[in-house]
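**Q** One-letter residues, chain by chain:
2 protein chains.
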Amino acid sequence: MKLLSLARDLKRRKARERQRLFVAEGVRTVEALLDSTLTVRGALVARESRDDARTARLVQRCEGRRIPVEFVNETEFASAADTDAPQGVLALATIPRTAPEGLPAAGTVLVLDAVQDPGNVGTIIRSAAALGASVTIALPGTVDLWNAKVVRSAMGALFTHCVISLTWEETVGWLDRRNIPLWVADTHGEPLQVAVRTRPANVALVLANEGAGVSPRVAAAAARSVAIPMTAGSESLNVAVAAGILLYMLETGAP
Amino acid sequence: MKLLSLARDLKRRKARERQRLFVAEGVRTVEALLDSTLTVRGALVARESRDDARTARLVQRCEGRRIPVEFVNETEFASAADTDAPQGVLALATIPRTAPEGLPAAGTVLVLDAVQDPGNVGTIIRSAAALGASVTIALPGTVDLWNAKVVRSAMGALFTHCVISLTWEETVGWLDRRNIPLWVADTHGEPLQVAVRTRPANVALVLANEGAGVSPRVAAAAARSVAIPMTAGSESLNVAVAAGILLYMLETGAP
Numbered sequence: 001m002k003l004l005s006l007a008r009d010l011k012r013r014k015a016r017e018r019q020r021l022f023v024a025e026g027v028r029t030v031e032a033l034l035d036s037t038l039t040v041r042g043a044l045v046a047r048e049s050r051d052d053a054r055t056a057r058l059v060q061r062c063e064g065r066r067i068p069v070e071f072v073n074e075t076e077f078a079s080a081a082d083t084d085a086p087q088g089v090l091a092l093a094t095i096p097r098t099a100p101e102g103l104p105a106a107g108t109v110l111v112l113d114a115v116q117d118p119g120n121v122g123t124i125i126r127s128a129a130a131l132g133a134s135v136t137i138a139l140p141g142t143v144d145l146w147n148a149k150v151v152r153s154a155m156g157a158l159f160t161h162c163v164i165s166l167t168w169e170e171t172v173g174w175l176d177r178r179n180i181p182l183w184v185a186d187t188h189g190e191p192l193q194v195a196v197r198t199r200p201a202n203v204a205l206v207l208a209n210e211g212a213g214v215s216p217r218v219a220a221a222a223a224r225s226v227a228i229p230m231t232a233g234s235e236s237l238n239v240a241v242a243a244g245i246l247l248y249m250l251e252t253g254a255p
Numbered sequence: 001m002k003l004l005s006l007a008r009d010l011k012r013r014k015a016r017e018r019q020r021l022f023v024a025e026g027v028r029t030v031e032a033l034l035d036s037t038l039t040v041r042g043a044l045v046a047r048e049s050r051d052d053a054r055t056a057r058l059v060q061r062c063e064g065r066r067i068p069v070e071f072v073n074e075t076e077f078a079s080a081a082d083t084d085a086p087q088g089v090l091a092l093a094t095i096p097r098t099a100p101e102g103l104p105a106a107g108t109v110l111v112l113d114a115v116q117d118p119g120n121v122g123t124i125i126r127s128a129a130a131l132g133a134s135v136t137i138a139l140p141g142t143v144d145l146w147n148a149k150v151v152r153s154a155m156g157a158l159f160t161h162c163v164i165s166l167t168w169e170e171t172v173g174w175l176d177r178r179n180i181p182l183w184v185a186d187t188h189g190e191p192l193q194v195a196v197r198t199r200p201a202n203v204a205l206v207l208a209n210e211g212a213g214v215s216p217r218v219a220a221a222a223a224r225s226v227a228i229p230m231t232a233g234s235e236s237l238n239v240a241v242a243a244g245i246l247l248y249m250l251e252t253g254a255p
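Sequence order for the protein chains is G and X. Number 64 in our numbering belongs to position 64 of the first sequence; there are no gaps in the numbering. Number 3 in our numbering belongs to position 3 of the second sequence; there are no gaps in the numbering.
For the record, the hints were derived by calculation from the structure and aren't laboratory data.
A few chain X residues facing chain G, derived, Cβ under 8 Å:
(1) R126
(2) L131
(3) N238
(4) V241
Given the structure is predicted, the values throughout are model-derived calculations rather than measurements. All C-beta atoms in this analysis are idealised placements derived from N, C-alpha and C, irrespective of residue type, glycine included.
Bound-form chain G, shown alone (with noise of 0.2 Å):
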């Protein structure tokens, strides 16, 4: 199948899970693309964008490993971009194979309940990557976390963290193999920064959907619930700032 028409294919999740492929898009993100461990399958690049510096050191890289690189005009790159303003460039990799056993359980899990936002769910993993939580899981109803946005928000994040979609069972079951236990944010919750006083070496830590707030099961489920506290009158704040914080306490807060 030509590139172009693959990279089209490719915004629709079904494809990408059959495909077991991603598309990630601009310049920066194709860069981080390249200094990472995936396997990249092809470039695809507008012929208006080829004499870029940034896109045609792309290319030259691409082409030093044997990448095919599809040139195409403008109206078909955008075709297949999911920008509105795309920066004529993106690339298409190997969605990497991890299985539960295979995951690291150390330190903080994070654990992606229903959020749905794909640009919150990409600047998540990018926290995830930079304050050191060891896995992200992303529980049914949450965005694919190979939608081109939460791609791009994760800003290279998702090509170095390790990230894997998982069933609520497969979930919990995972957490009472490996004696995690299970910390919900919540703002009924305990103030967090008494909480991550007393936190075990490891620990997972589910964030819900933005609007719904947490799940019954989860819950039920959870050994600790903790806020972050806020003034009087405000309800919440953004999914993706609360999730930096907890990250931010959970990993260098913690005495």
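Place chain X on chain G using the hints.
**A** Relative to the frame of chain G, chain X by itself:
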């Protein structure tokens, strides 16, 4: 002027500044606006949305307060809306007038130096309100605080949290007169968790542009530079995530 043409006009920053009006779009944002003390000048409702229960309540609340409501068709509404999938309700309100002399000078002051993404700026203002900053100052180069997407991303926080646009000279003058030291967030600074142990009662924290980083004049004026420690290989956090962690630590993490 009819509300429809006024709302369309207010998409431009110059028109907002001239009219001292802004647009709040979406059910939840308009609810928060009506809950606030700001002066609401009118509401625009798509006829197709008037049967929605929450929208109908908003119309009732406006009528009870003699706020003009104008009903338009879906296409007209879309021409005034800022979102791709509008909820069919928006309101026009007066931008509050704030002078440097009237600013609260206590606790944490947030300073945005050319932060450009409206979603980031709205999210930062939401965090500033929730985590207890006293005021947010926007320096030149920062997106207009009354831009429709900033208003929406702030989730009502712009209607209660004190914000102001000032020049660099006005900002430095005000901080000097109030004896408030300037801290800057910078990846090369001292670790945040160490810095907060000796934080003064009042502090102004500068967040720099997403790409360019700290400007020379801010670096020269800053009393201290603080960093959020990151794992090797991570370049940066999203600016709204960094702002959340810094604000949380300044408000809650200090002894």
